[in-house]
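A.B. asks: Each chain, letter by letter, is given below.
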Amino acid sequence: MDERLRIIIAKPGLDGHDRGAKVVARALRDAGHEVIYTGLRRTPEEIVRTVIDEDADFLGLSSLSGAHNFLIPKIVELLVASDCNDVIVFAGGIIPEKDRGNLFSKGVRAIFGPGTSSTQMSDFIGSAVKRRDESLPVGCGEDSDWHWD
Amino acid sequence: MMDLIKLKSGDRRALSKTISMIESGEINSAIIKEKFPNIKTAEIWAITGSPGVGKSCICEYIIGDWLKNNQKIAVLAVDPSSPLSGGALLGDRIRINNSDNSDNIFFRSLATRGQSGAIPSNISDILDLLSALNFEKILIETVGAGQAEVRVAAVSQYLLLVEAPDSGDMLQAEKAGLMELADILLVNKSDLERANEKAEQLSLAFQLSSNHSPPILMVSAKQNSGFEELFLEMEKLSKSGKNHKIKSRISLSFAWENLLWNHKDVSKVLEKLESEQITLDEAINHLKEEL
Ligand code: B12
Ligand SMILES: Nc1nc2c(ncn2[C@@H]2O[C@H](COP(=O)(O)OP(=O)(O)OP(=O)(O)O)[C@@H](O)[C@H]2O)c(=O)[nH]1
Ligand SMILES: [Mg+2]
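As you go down the protein sequences, you meet chains A and B in turn.
So for the first sequence, this note's numbering puts the first residue at 1; every next one is plus one.
So for the second sequence, this note's numbering puts the first residue at 1001; every next one is plus one.
Just chain B, same shape as in the assembly (with noise of 0.2 Å):
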């Protein structure tokens, strides 16, 4: 069981034995509720973007940047698991030379572990966990995995979208969700030919929707070029402490759906709804009268 005096004292291995146990489902959100009744929020960063734009050496900048006024961070890498084996390859440490060099910096890679969305579901009770221990700010890498993508938006109150020259495009719809979210796109490896046009477009997929143009920076993590502007946005953010409207939309679905997959019934449910014994009617008001 969770450790609460070890946990409080600030004891690191407490912590990621209690992220474990979350992760297995061993601890829920009411647990952590229950022992930790006055959660204040930690200032939540994400980072998204398609495989292989940069995030992870984007994130070694922001790291540093954050060590440098010696506050208490913690980062959380995700990456897929392989629906083939279960297991999963967690790279992201790799390009973030920082991740394990100081005791101010508490570093956890998540594998997906085959949950439908790019970010694991009980991530949140992590957050909640990292919030009530006091660390001061907390940032999310993703898997660029496309639209499921926009649930981090849910769970983070800022969110960095990260293109490249390079970078495949993914579909335009489900970068459309993602670019209404964004609160700061960059464009990185601009060390590149074809970076600015890639700013360009971007720029111009906003001067048609006119509601929403977040800041659009170009950086270099290869060069380390454009992180100077980068640092003066996310503090303005920061500063201004906003929450989109939005956002509080997709958290509730995101709650709602949890609490759809974690339903007592939820496989015999589907299973009777596979042989065709109930209609999905049937399906959902038998879900909702349990809930």
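Chain A with its partners taken away, still in its complex shape (with noise of 0.2 Å):
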């Protein structure tokens, strides 16, 4: 890994499932980003705050309950009335291929399911890292189609 991240896994809402959310903070601290796990049970709010003070390049959602029809978007929208409209933001947990399309259209660029590898979130992060480095749109407030499948 050439470049080193500064990464959030969030756990927003009631959802008490974290070991997904483990696996993924160990994976990409081993792929060499610097990562912060928020722990169980945080508000939008609360996760947008972690966001701005940790000056987080990706913040990465967890969610196993169900509630990210609902979370998902309204961390996106506080990220983007905070002026943090660059941070890449992406998904992963039980997250039915329905509900995707929706998420992809406000600002998510990549979500993730049960068995995803280490390798096919590095070649995520490899991917938006090169847009963002081009100038292309990627941040979750930037104007864009783009996501990873």
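Since the hints were derived computationally from the structure, they do not count as laboratory data.
One or more hints might be untrue.
As the list claims (entries may be wrong) - Below, a sample of chain A positions facing chain B; criterion: calculated Cβ distance under 8 Å:
1. 25
2. 35
3. 39
4. 54
5. 55
6. 97
7. 100
8. 123
Unchecked claim - Quick list of in silico lysine-lysine cross-link-like pairs, BS3-like style, CA-CA up to 25 Å:
9. 1017/B to 130/A
10. 1035/B to 1137/B
11. 1222/B to 1268/B
12. 1137/B to 1236/B
13. 1137/B to 1017/B
14. 1222/B to 1264/B
15. 22/A to 1222/B
16. 1017/B to 74/A
17. 1033/B to 1072/B
For every residue, glycine included, the Cβ atom is placed at its ideal position computed from N, Cα and C.
Put the complex together from the two separate chains, hints included.
C.D. replies: Next comes the structure, spelled out in structure tokens:
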């Protein structure tokens, strides 16, 4: 890994499933990044505050409880309102195919389900960083249809 | 570059971006001192102790107490970078539930980024910046890494050393160095067996060294007990405003070491030393001349 990024892994809402988030956090650390794990049950406001204080490049949201359709767009909305358009947002957990299009249209750039490997995540992060370096829109508040599949 | 107007207006994002620039070396002490000429120092506390003794859990209580008084506070939580990947898992927030729920607290996780100390060497610049921006109290949670911890005393005004009955013992010598500097000794996990024993051992150790004996307090972060006493002792210290002479000594050597490692010729000199082209004395003389 040639660039060390700061990545937040957050668990929004009342969802108590944290195994996946911890696995992902460790995999990203092993890929050479500085990963900040928020712990369970954070509100959208708390997550945005963490993104700002930690100067995060990426925000990864883990959701297995079914509340993704509400919580994820809310977080993106708050990020944009807080001048964090350039933060790259991705997600994982139990997020059915039928819900993904809407989340992509809200600025989420990748969604990963059960069985995701660290190579898949790294490939996404690499592509997103490449877009950022080329000044192509990729942040959650930047206008683009681009997403990873 | 640093956005002074936004910084001074209290913009959190400008602050966190500036801290990143300090971390990466883009901004150095000279620039901070130039932009903020009359830095009044904030009250800086450090909490240290072996891994897993409960530093983060205790931070939560201290932060809670400070927030009650409506003070503007900053927390710097340090965790180790992996020597293999260079990455880091910064997990202190998990145990500090009030780290993100108020606008009065700025909370930043820092990785050691492979520097020799248990705190990043440019932390003093970050502290200067926070002080300049009128943070009233700053709390540093260090990596529980042993001897290098002594450096935290150099950048902080007050030092809390945490022990727990189940903590792996630090090497005696390392512990002695830290104990000498601690302003308060906390025995956490007083809910566990053998906590009393631990406290007795510690007070015995201090009876032998006559000149310094900090208060030894028993707390339990799990059961929320003992914290009123801790807050009282902290209040007392804060009013006394005292500063150890020994801390100045460490500050000096810490700053000196930074100068050395930031010296423009340091890698060249190291290489020559390695290949035995020069002696240690010659190396020191060369570096001294250029300082
Ligand atoms: C283990 C488990 C639990 C454990 C959780 C333990 C813990 N501390 O995590 C316990 C027993 C506590 C539990 C409780 C409940 N569970 Co449960 N649980 C599971 C189960 C079987 C496995 C989840 C797991 O840990 N997988 C292993 C990890 C490693 O995988 P992962 O989380 O999917 O993560 C991977 C990817 O999704 C992705 N990923 C995940 N997050 C992120 C984030 C980012 C940024 C990225 C890039 C990738 C990523 O990468 C990971 C690695 O590949 C799932 C079923 C399933 N097969 O998923 C149900 C499941 C999630 N649970 C479910 C439910 C309903 C519950 C309960 C409400 C009650 C119940 N019926 O059991 C409670 C609610 C608890 C709460 N407070 O939220 C449902 C959710 C339904 C839904 N969303 O519509 C599921 C899907 C079961 C089902 N088929 O009904 N559960
Ligand atoms: N029994 C008991 N356990 C405690 C107490 N305080 C903390 N713990 C537990 O000790 C473990 C470590 O707590 P942390 O606060 O993360 O410790 P730390 O010193 O910050 O750890 P590092 O930052 O990793 O060095 C957690 O599992 C806590 O739940 C206590 O008073 N009693
Ligand atoms: Mg900790």
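A.B. asks: Given residue 39/A as an interface hint, is the shortest Cβ-Cβ distance to chain B below 8 Å?
C.D. replies: 4 Å, holds
A.B. asks: Residue 25/A was flagged as interface toward chain B. Is the shortest Cβ-Cβ separation under 8 Å?
C.D. replies: 6 Å, holds
A.B. asks: For the hint on residue 54/A, just tell me whether its beta-carbon gets within less than 8 Å of chain B.
C.D. replies: 6 Å, holds
A.B. asks: Are the Cα positions of residue 1033/B and residue 1072/B separated by 25 Å at most?
C.D. replies: Between residue 1033/B and residue 1072/B the Cα gap is close to 22 Å, so the pair holds against 25 Å.
A.B. asks: For the hint on residue 97/A, just tell me whether its beta-carbon gets within less than 8 Å of chain B.
C.D. replies: 31 Å, violated
A.B. asks: What's the verdict on residue 1222/B and residue 1268/B, does the C-alpha distance respect the 25 Å limit or exceed it?
C.D. replies: 52 Å, violated
A.B. asks: Need the status of pair residue 1137/B, residue 1236/B: alpha-carbon distance at most 25 Å?
C.D. replies: 15 Å, holds
A.B. asks: Below or equal to 25 Å on CA atoms is what counts here, so check residue 22/A against residue 1222/B.
C.D. replies: Status holds; Cα separation ~23 Å.
A.B. asks: Are the Cα positions of residue 1137/B and residue 1017/B separated by 25 Å at most?
C.D. replies: Holds - the C-alpha atoms of residue 1017/B and residue 1137/B are around 20 Å apart, at most 25 Å.
A.B. asks: For the hint on residue 123/A, does the least C-beta distance to chain B fall short of 8 Å?
C.D. replies: 17 Å, violated
A.B. asks: Does the nearest C-beta of chain B fall within a distance shorter than 8 Å of the C-beta of residue 35/A?
C.D. replies: Constraint on residue 35/A satisfied, holds at 5 Å.
A.B. asks: Against chain B, is residue 100/A within 8 Å by beta-carbon distance?
C.D. replies: 28 Å, violated
Checked against the numbered hints given earlier, this structure breaks hints 6, 7, 8, 11, 14; the rest are met.
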